[in-house]
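Student: Sequence:
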Amino acid sequence: MGIGLRVPPARSRGQPLGRPAVTIIIGLSIVERRKQTQRGPVDFPRSHSAPVAERECKPRISAARSTPASPSSAVSGSRTTPCQTFTAWCNSHLRKAGTQIENIEDDFRNGLKLMLLLEVISGERLPRPDKGKMRFHKIANVNKALDFIASKGVKLVSIGAEGEEIVDRNLKMTAGDDLDASSFKTSAKEGLLLWCQRKTAPYRNVNVQNFHTSWKDGLALCALIHRHRPDLIDYAKLRKDDPIGNLNTAFEVAEKYLDIPKMLDAEDIVNTPKPDEKAIMTYVSCFYHAFAGAEQAETAANRICKVLAVNQENEKLMEEYEKLASELLEWIRRTIPWLENRVGEPSMSAMQRKLEDFRDYRRLHKPPRVQEKCQLEINFNTLQTKLRLSHRPAFMPSEGKLVSDIANAWRGLEQVEKGYEDWLLSEIRRLQRLQHLAEKFRQKASLHEAWTRGKEEMLSQRDYDSASLQEVRALLRRHEAFESDLAAHQDRVEHIAALAQELNELDYHEAASVNSRCQAICDQWDNLGTLTQKRRDALERMEKLLETIDQLQLEFARRAAPFNNWLDGAVEDLQDVWLVHSVEETQSLLTAHDQFKATLPEADRERGAIMGIQGEIQKICQTYGLRPCSTNPYITLSPQDINTKWDMVRKLVPSRDQTLQEELARQQVNERLRRQFAAQANAIGPWIQAKVEEVGRLAAGLAGSLEEQMAGLRQQEQNIINYKTNIDRLEGDHQLLQESLVFDNKHTVYSMEHIRVGWEQLLTSIARTINEVENQVLTRDAKGLSQEQLNEFRASFNHFDRKRNGMMEPDDFRACLISMGYDLGEVEFARIMTMVDPNAAGVVTFQAFIDFMTRETAETDTAEQVVASFKILAGDKNYITPEELRRELPAEQAEYCIRRMVPYKGSGAPAGALDYVAFSSALYGESDL
Numbered sequence: 001m002g003i004g005l006r007v008p009p010a011r012s013r014g015q016p017l018g019r020p021a022v023t024i025i026i027g028l029s030i031v032e033r034r035k036q037t038q039r040g041p042v043d044f045p046r047s048h049s050a051p052v053a054e055r056e057c058k059p060r061i062s063a064a065r066s067t068p069a070s071p072s073s074a075v076s077g078s079r080t081t082p083c084q085t086f087t088a089w090c091n092s093h094l095r096k097a098g099t100q101i102e103n104i105e106d107d108f109r110n111g112l113k114l115m116l117l118l119e120v121i122s123g124e125r126l127p128r129p130d131k132g133k134m135r136f137h138k139i140a141n142v143n144k145a146l147d148f149i150a151s152k153g154v155k156l157v158s159i160g161a162e163g164e165e166i167v168d169r170n171l172k173m174t175a176g177d178d179l180d181a182s183s184f185k186t187s188a189k190e191g192l193l194l195w196c197q198r199k200t201a202p203y204r205n206v207n208v209q210n211f212h213t214s215w216k217d218g219l220a221l222c223a224l225i226h227r228h229r230p231d232l233i234d235y236a237k238l239r240k241d242d243p244i245g246n247l248n249t250a251f252e253v254a255e256k257y258l259d260i261p262k263m264l265d266a267e268d269i270v271n272t273p274k275p276d277e278k279a280i281m282t283y284v285s286c287f288y289h290a291f292a293g294a295e296q297a298e299t300a301a302n303r304i305c306k307v308l309a310v311n312q313e314n315e316k317l318m319e320e321y322e323k324l325a326s327e328l329l330e331w332i333r334r335t336i337p338w339l340e341n342r343v344g345e346p347s348m349s350a351m352q353r354k355l356e357d358f359r360d361y362r363r364l365h366k367p368p369r370v371q372e373k374c375q376l377e378i379n380f381n382t383l384q385t386k387l388r389l390s391h392r393p394a395f396m397p398s399e400g401k402l403v404s405d406i407a408n409a410w411r412g413l414e415q416v417e418k419g420y421e422d423w424l425l426s427e428i429r430r431l432q433r434l435q436h437l438a439e440k441f442r443q444k445a446s447l448h449e450a451w452t453r454g455k456e457e458m459l460s461q462r463d464y465d466s467a468s469l470q471e472v473r474a475l476l477r478r479h480e481a482f483e484s485d486l487a488a489h490q491d492r493v494e495h496i497a498a499l500a501q502e503l504n505e506l507d508y509h510e511a512a513s514v515n516s517r518c519q520a521i522c523d524q525w526d527n528l529g530t531l532t533q534k535r536r537d538a539l540e541r542m543e544k545l546l547e548t549i550d551q552l553q554l555e556f557a558r559r560a561a562p563f564n565n566w567l568d569g570a571v572e573d574l575q576d577v578w579l580v581h582s583v584e585e586t587q588s589l590l591t592a593h594d595q596f597k598a599t600l601p602e603a604d605r606e607r608g609a610i611m612g613i614q615g616e617i618q619k620i621c622q623t624y625g626l627r628p629c630s631t632n633p634y635i636t637l638s639p640q641d642i643n644t645k646w647d648m649v650r651k652l653v654p655s656r657d658q659t660l661q662e663e664l665a666r667q668q669v670n671e672r673l674r675r676q677f678a679a680q681a682n683a684i685g686p687w688i689q690a691k692v693e694e695v696g697r698l699a700a701g702l703a704g705s706l707e708e709q710m711a712g713l714r715q716q717e718q719n720i721i722n723y724k725t726n727i728d729r730l731e732g733d734h735q736l737l738q739e740s741l742v743f744d745n746k747h748t749v750y751s752m753e754h755i756r757v758g759w760e761q762l763l764t765s766i767a768r769t770i771n772e773v774e775n776q777v778l779t780r781d782a783k784g785l786s787q788e789q790l791n792e793f794r795a796s797f798n799h800f801d802r803k804r805n806g807m808m809e810p811d812d813f814r815a816c817l818i819s820m821g822y823d824l825g826e827v828e829f830a831r832i833m834t835m836v837d838p839n840a841a842g843v844v845t846f847q848a849f850i851d852f853m854t855r856e857t858a859e860t861d862t863a864e865q866v867v868a869s870f871k872i873l874a875g876d877k878n879y880i881t882p883e884e885l886r887r888e889l890p891a892e893q894a895e896y897c898i899r900r901m902v903p904y905k906g907s908g909a910p911a912g913a914l915d916y917v918a919f920s921s922a923l924y925g926e927s928d929l
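Residue numbers (full-length UniProt numbering): 1 to 929.
None of the hints are false.
Now the in silico label distances, taken between C-beta atoms and shown as ranges: (1) Q658 with E356: 27 to 35 Å; (2) Q715 with T382: 18 to 26 Å; (3) R666 with S404: 46 to 54 Å.
No lab work stands behind these hints, which were simulated from the structure alone.
We put the beta carbon where it would ideally sit given N, CA and C, even for glycine.
Hey, can you work out the whole structure from these sequences and the hints?
Tutor: Structure, rendered in C-alpha cells:
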C-alpha cells in the first residue's frame, strides 16, 4: 500500500513543521525505493522534488544520480544510495540529542527515534512514548509521531493500519504518485533555485540553472559561501579547471566554519555526467538555512537605514532652514539701522553718494535677499510636506524664525526702505533749494557790497567847505540823487536779509558765515542812513550860501540815476540764476526775457537823451569858455559808466538767450525721458498685474495632470524670467531720470517702486504655485493618488474657496467635509482642525486639505515596524548594544543611532546597552527624546 501527503498552500506561524514533515515522509519513500532497487531495477520518478533539509547534515553521501542498477551493484556499496542522504540528514538533527540511526527501516520501527527527531526539529515536546517492546507499543509510538506531523498541517494519505507499515517495514510509497504536494515541491525547488541564482549572479563562471550539472565545477558552492562570508574564501584564486579542488574547498570551509557536514563526495559529483538532483538540493538547502538569519538581519538593517536616511535628510533640511533664516534676519537687522539713519549731509555731492549707495542696495544687495526669502518659504513648505508624508511631527523653527516672523521683519524693512527713499529725495530737494538760495544770496550781497564800497568815505568827507555856490548846490543835488539811490537799494537789503532768514530756517550748513555777512551788510546800511542824514543837513545849511547850480548837470543826474538803476537791475536780472522743473516753466522765463528785450529800444532812446544832456553841458562850456567839467557835481555816474553798463546789457542779452535755450533743451530731454519711462511703465505695470492675476487663476483652478500643470507653470516662469529685460530697461530709464534730478512724472501713475513691488510679488506668486504643484506630486506619489482624485479634491476645494485666495476658512472647510459625507461634531471638527491647521492660522491650505483626505489610507512606516526591525537586529532582546549596531548597520547610521539612543534602564542588560524602543518612538514624535 502506498503513502502520500497533502501540504496546504500557506503555513501559519503555529505550523513550523511543514517542510521537515515532508522531508521525513519523502525519506521514508526513499527507504522503500531502496528496497525496490534491491529487488530489481526501479527508476526514480523525474517529477520528484528533493526535500528541503535543515541547516546541519552529518554523514557524507554520494551526489551520483540514482540509476537503474543490478542487485549486485546495490549491495556492493560502491556508491552511497539516496536513502543515505535522508539517513545523514536525520543524524545531523539526532546528534543534537546525542544519538543517531544506522538503518531507517530498523531504527524507526519502534517510533522512539522518530519521535525524538520530530522534537529536535520542531523544538516542541511530543506525548510520552510507550516503553514496551511489543508490536502494539511500537505502533502507538509511530502513530504519535504521525499524528504530530498531521497536527502541523501536513495531510498524510495511503498509510494504513495506523503506521503498521512502518513497524512491519512494509512501506510502499512513491513520491510521484502518492505525494499530493506538487505545488509545495515546485515552489520549494524553484524558490531555492531562485535564491541561488540571485546570490551567485555577480560571480564569474557561475551560471546556476539546475541542481545537477550547474554545481559540478564547485564554483557555485564557493560563490554562495563568499557572498555571505567573503572572509572564508578568496574567490579570485579559484579556477574553473579544478572542480575537485573547488568542491573540497567548499566542503571543508562549510564543515569547519558553517557547521555544515560534508555530505557529498567531490569525485562522485565530477565523474558523474548528471549528479543526483535530490542530493545536491539537500546539501544546498543547508547553506540556505545557514544564511537565512543573515538575510533577515539584512532586511531589518535596510528598513532601519531607510528610516534613518529619511530622518537625517529632514534634520539636514531643518538645519539649512535655521541657517538661512538666521542669515536673512541678521541681514535685515543690520540693514534697518542703516535705512533708519536720517542724518543729512551738508553738500549735494555727499547726498548724491548716499542716493547712489541706496541704488546699489536696491540693484545689487536686495535682489539676492528677495530670492533667499522666497527660497526659504519654498524650503519650509517642502520640509513640512516631507515630514507629513513620513509621519514625522511638523517642524517648528526656533523662536523668532517662523516664516511669519521673517515676513514681518521683511515688511518692516520695506517700510523703513520706503521712508528712507522719501527722506533722500526730500533732502536732495532741500539741498537743491539751499544751493539756489545761497548762490542768490552771495550774488546779491556781492552786488550790494560793490555798490556800498566807498559810500561811507564819500558821505564822511567835507568837500563842501571850500566849494563855491555852484559846487555846493551840485553837492546838494548829488546828495539828493544818492538818497534816491539809497532808497532804491532798501529793497535789495531787505531781500538779502530775507534770503539769510530762509537759509537759517532751512538749516543751511554755512549759516554762520551767511549770518555774519548779512549782519555786516545791515550794520553798514544803518551807518549809511546815519551818514546820509548828517551830510544832507550840512548841505542844506550851505545851500543858503551857494545858489549857483548847473541845471543841466542836475538834469543829467536826475535822468541818469534812474536809468543807471534800471541798468543795474537789468544786469542783475540778466545774471540772475533760476531753478525750473518743466518745459512750461522754462517757456515762462523765455517769455519774460522776450518782454525785456522789447523794452530795449525805449531804453536806448533814454540813454541817447541822457547822453544829449551831457553834450549840451560840454557845448555850453565850450561856448562860454568855462572850465570843462570833468565830473558832474550832481552825480558820480559818468556817461562812460552808462555806456559801459549799456554795452554789458547788450552782451548779456544773447548770453541769456543761449542759457535759456540750453535750459529749454535740457527740460525737453527730461520730458522725453519722462515720456519714455511712462510708455514702458504703462505697459509693464498692467502686464505684471495681468500675470499676477493669471498665476492666481492657475493656482485656484489647475487642470490636466500634475506634470502638464508643472510644464505650464515652468513655461510661465520662463516667460516671466524672459520679461526681466524689460524691467532692467525700465530701471535704466529710471536711473537716467534720477541722474537728471527728475523726480515727478505726470504721464504715468506707476513709479519704479510700484513696478519693483509688483515684480517681486509676481516672482513670489509663480514660485509658490510651482512649489504647491511639486508638493502635490510628492503627495500623489507618496499616497498613491490618481490624477482624477487630485482633480476631484481641487474641484471640491475651489468650490468652497469663497475668497478665491487658495485657502478655506474653518466654516467653509466644515461645509466641504459635510458635503463629502463627514458627520462632524464640535469635538471631532476641532481635532481635524488641529491636523490641517497646526499653527492655528485660521485657514486651511490646499496642501493641508489633500494631506487630510489621504492620511487615513496611506501606507507608511510606523514606529512599531522600526521597533520590530531593531528587535530582529538585537536577537529578540529589549535592548541593543553598540557592537550589534556597528555590525548590522552602515558606519554613519550606526554612529547616528549610538549618539541618539538613551541607555537602557531595564534589568539584566549589560553595560552600554541602548533603548531602541524609545529611539524609534522619538523618530515619529511619540516621545520627548
